[in-house]
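So the sequence lines, in the order shown, correspond to chains C and W.
Note that the first sequence covers residues 120 to 305 in my numbering.
Note that the second sequence covers residues 56 to 516 in my numbering.
It should be emphasised that the hints constitute simulated quantities derived from the structure, not laboratory data.
Among the hints, erroneous ones may be present.
[To be verified] Taking lysine-lysine and the DSS-like style, the derived pairs with C-alpha atoms no more than 30 angstroms apart in a straight line are:
| no. | chain 1 | residue 1 | chain 2 | residue 2 |
| --- | --- | --- | --- | --- |
| 1 | W | 443 | C | 268 |
| 2 | C | 150 | W | 471 |
| 3 | W | 443 | W | 63 |
| 4 | C | 268 | W | 63 |
| 5 | W | 471 | W | 58 |
| 6 | C | 150 | W | 121 |
| 7 | W | 471 | W | 296 |
| 8 | W | 443 | W | 58 |
| 9 | W | 322 | W | 216 |
| 10 | W | 322 | W | 121 |
| 11 | W | 322 | W | 443 |
[Said to hold, decoys possible] Ranges between beta-carbon positions, derived for each pair:
| no. | chain 1 | residue 1 | chain 2 | residue 2 | range |
| --- | --- | --- | --- | --- | --- |
| 12 | C | 265 | W | 121 | 24 to 34 angstroms |
| 13 | C | 265 | W | 143 | 36 to 46 angstroms |
| 14 | W | 144 | C | 286 | 46 to 56 angstroms |
| 15 | W | 244 | C | 249 | 54 to 64 angstroms |
Note that the coordinates shown come from a computational prediction; the quantities given were computed from them, not determined experimentally.
Note that CB positions come from ideal geometry on N, CA and C, so glycine has one too.
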Amino acid sequence: MEPVTTITGHVTVLDRADVDTDQIIPKQFLKRIERTGYGEFLFFDWVRSGEITIEPNPVLVTGRNFGCGSSREHAVWAIQQFGFQAVIAPSFSDIFFANCTKNGFLPVELTEDEVRSVAAVGEVTIDLETQTVTAGPRTFRFDIDPDIKDRLLNGLDEIALTLQHEADITAYEDARAYPSPVTTSL
Amino acid sequence: MPKTLFDKIWDMHRVRDDLLYIDLHLVHEVTSPQAFDGLRLSGRPVRRPDKTVATADHNVPTDGTKVARLIADSLSRTQVETLERNCAEFGIPIYSLGSDRQGIVHVIGPELGLTQPGMTIVCGDSHTSTHGALGALAFGIGTSEVEHVLATQTLVQRRPKTMRISYEGALGSGVTAKDLILATIGRLGTSGCQGYVVEYAGSAIEQLSMENRMTVCNMTIEGGGRAGMIAPDDTTFHYLKGRPAAPIDWDDAVARWRALPTEPGAKFDREEAIDASSLAPMVTWGTTPGMVVEVTGHVPSPEDAAEQAAAETTARALTYMGLKPGTRMTDIALDRVFIGSCTNSRIEDLREAAGVVTGRHVASTVRAMVVPGSQQVKAQAEREGLDKVFTEAGFEWREAGCSMCLGMNPDILQPKERCASTSNRNFEGRQGAGGRTHLVSPQMAAAAAIEGHFVDIRGWN
């Protein structure tokens with residue numbers, strides 16, 4: 120995973136709330152078994168119908184509850200592979216937010232007013248270290264879980280981090296008072 | 056301090072800090088191939104194949120194809136065959152096409168008795184919340200997390216907030232679990248439960264069958280919730296008893312499970328109350344599950360919206376759906392009816408739908424299909440003669456799978472086709488590009504198939 124530090128550039132505005140992952144990457148592209156090749160299909164139906172155009176910029180700015188619906192990580196891959204490095208919105212679905220952070224892709228939550236202000240300015244600098252978004256004369260602070268921040272800043276592999284605690288996992292398994300179902304003996 | 060059901064399960068599964076142990080990992084063909092690739096690239100094994108199980112559901116044709124290599128669509132075939140190969144390589148049990156245990160992942164987990172109270176359960180699918188109906192903590196994850204669970208049998212999780220929604224009173228005749236959850240999403244909004252694990256409680260929930268509880272928990276994600284849960288009780292234990300994976304130490308297990316429910320005085324971060332007796336059959340009119348009205352209602356107008364942004368959202372949804380403001384919901388004519396999906400394809404759902412169609416016939420303008428959630432559900436329904444009830448009424452009776460819920464297999468809507476569907480999402484293009492989806496209960500879908508338009512099941516005979 121590439122480290123995330125600062126992201127600077129123009130923003131692409133998609134002024135819609137409740138954009139679901141079926142819109143971000145429709146189901147027909149979920150049949151691929153690879154992790155790449157999704158960028159060109161971003162917002163496929165909306166783009167193909169001429170309803171929207173998506174400018175290639177570093178930052179996507181959009182409405183509340185972005186990424187709701189299906190857990191498909193393909194949605195994050197599509198946005199990232201299209202060229203975006205971060206997305207700013209008033210809120211994200213829980214699963215989509217988690218999926219972003221596993222891919223070195225930065226989701227930033229600001230208030231509705233702050234998001235509108237960023238969209239109006241059209242250019243932005245996001246600094247993960249200081250947790251700030253600067254758009255024109257104004258700077259906004261955003262919250263992010265400290266562990267997620269550390270992982271993004273350093274581009275760390277979460278599985279490798281967890282496996283450092285393998286002894287704890289084994290100890291937990293050994294200490295469990297009662298078993299859970301065994302799938303291999305059905 | 057008194058604890059909630061969630062608190063107890065969370066505390067029991069904490070390995071350290073924010074590391075949560077996972078008791079059961081359900082795997083399907085769409086969100087797993089890249090995770091298995093990741094394991095191969097890093098040379099990691101699957102830590103606990105014995106806590107992992109796979110099935111093929113999203114891509115499978117429902118036409119009776121019994122082996123993966125005969126799937127006509129080459130991409131779907133590749134995905135199912137890849138799952139079969141990955142499971143063989145990593146030692147994971149799989150119920151693929153041709154198995155009498157194959158079915159929708161959220162149907163087969165409870166059906167095999169793998170889903171039990173007090174467990175932590177994950178799957179690369181947002182509707183994993185379904186399993187919470189048995190008193191488990193169950194939630195959907197992305198592919199990176201699928202790989203994490205395969206490699207470590209744990210997940211890095213921050214403790215979510217808790218919320219309880221209490222439903223007092225009894226549901227009226229013709230008002231179902233599906234209506235209860237659609238009405239809840241309509242009231243609280245599609246992001247109303249974001250960040251929360253939701254416990255559904257109250258007398259109306261306690262009276263629901265196991266299958267109906269699964270319908271409620273299934274759609275938690277459509278309200279933005281992380282997971283949905285219902286306290287285990289005699290209904291739960293009765294459902295589980297005798298299933299293949301039910302505990303051998305049954306009496307001890309039941310005793311453990313009886314200690315799980317939320318204790319009096321336990322604190323939730325948020326509480327909501329809904330009068331169950333006030334609820335009516337619901338129908339969605341728009342392109343999110345929150346765009347929903349009672350069947351006696353009308354298609355809303357953008358002019359009724361409180362703010363400009365909401366008016367634009369409503370207008371765009373109406374354009375997509377091809378609906379005029381003020382139209383009575385019961386005047387909306389249908390082209391297709393779909394009874395199935397992880398929300399409403401269990402035996403109880405099929406019994407309820409069959410009860411509505413007995414002795415009647417599907418309208419000549421409608422193509423209607425029933426898709427059992429699993430091979431086991433299909434076999435049970437056929438033992439009860441439900442397949443005959445449906446086919447004699449003019450419904451297609453198909454093989455188990457996700458089918459027309461999500462358009463990844465041959466069962467799809469054509470552009471502008473209008474469908475009454477028992478599934479969970481009415482997003483644009485969800486059931487096929489340009490398709491128009493109205494979410495309803497199995498009974499409402501069945502009655503709509505007969506009449507060719509929506510009807511209020513309460514006054515229909």
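Quick rundown of the hints versus the structure:
About 58 angstroms separates the Cα atoms of residue 443 (chain W) and residue 268 (chain C), which puts this hinted pair outside 30 angstroms; it is violated. A threshold of 30 angstroms between alpha carbons decides the hint, and for residue 150 (chain C) with residue 471 (chain W) the separation of about 24 angstroms falls inside it, so the pair holds. Proximity of residue 443 (chain W) to residue 63 (chain W) is assessed by CA-CA distance (about 46 angstroms); at most 30 angstroms being required, the pair is judged violated. Straight-line distance between C-alpha atoms of residue 268 (chain C) and residue 63 (chain W) comes to about 29 angstroms, which keeps the hinted pair within the 30 angstroms bound.
Among the hinted pairs, residue 471 (chain W) with residue 58 (chain W) is inconsistent with the structure: their alpha-carbon atoms are about 50 angstroms apart, more than 30 angstroms. Note on residue 150 (chain C) and residue 121 (chain W): the hinted pairing holds, with a Cα-Cα distance of about 20 angstroms set against a maximum of 30 angstroms. This hinted pair does not check out: residue 471 (chain W) and residue 296 (chain W) have alpha carbons roughly 46 angstroms apart, beyond 30 angstroms. As the CA atoms of residue 443 (chain W) and residue 58 (chain W) are separated by approximately 48 angstroms, the hinted pair breaks the 30 angstroms bound.
Distance hint between residue 322 (chain W) and residue 216 (chain W) is fulfilled; the C-alpha atoms sit about 11 angstroms from each other, no more than 30 angstroms. Our distance criterion of 30 angstroms between C-alpha atoms is broken by residue 322 (chain W) and residue 121 (chain W), whose separation comes to about 50 angstroms. About 50 angstroms separates the Cα atoms of residue 322 (chain W) and residue 443 (chain W), which puts this hinted pair outside 30 angstroms; it is violated. Remark: the range hint 24 to 34 angstroms for residue 265 (chain C) to residue 121 (chain W) is contradicted by a beta-carbon distance near 52 angstroms.
A C-beta distance of roughly 41 angstroms is found between residue 265 (chain C) and residue 143 (chain W), which places it inside the suggested range of 36 to 46 angstroms. Judged by the Cβ atoms, the range 46 to 56 angstroms given for residue 144 (chain W) and residue 286 (chain C) is violated: they are separated by roughly 27 angstroms. The supplied range of 54 to 64 angstroms is broken by residue 244 (chain W) and residue 249 (chain C), whose beta-carbon atoms lie about 33 angstroms from each other.
Against the hints set out earlier in the document, violations occur for numbers 1, 3, 5, 7, 8, 10, 11, 12, 14, 15.
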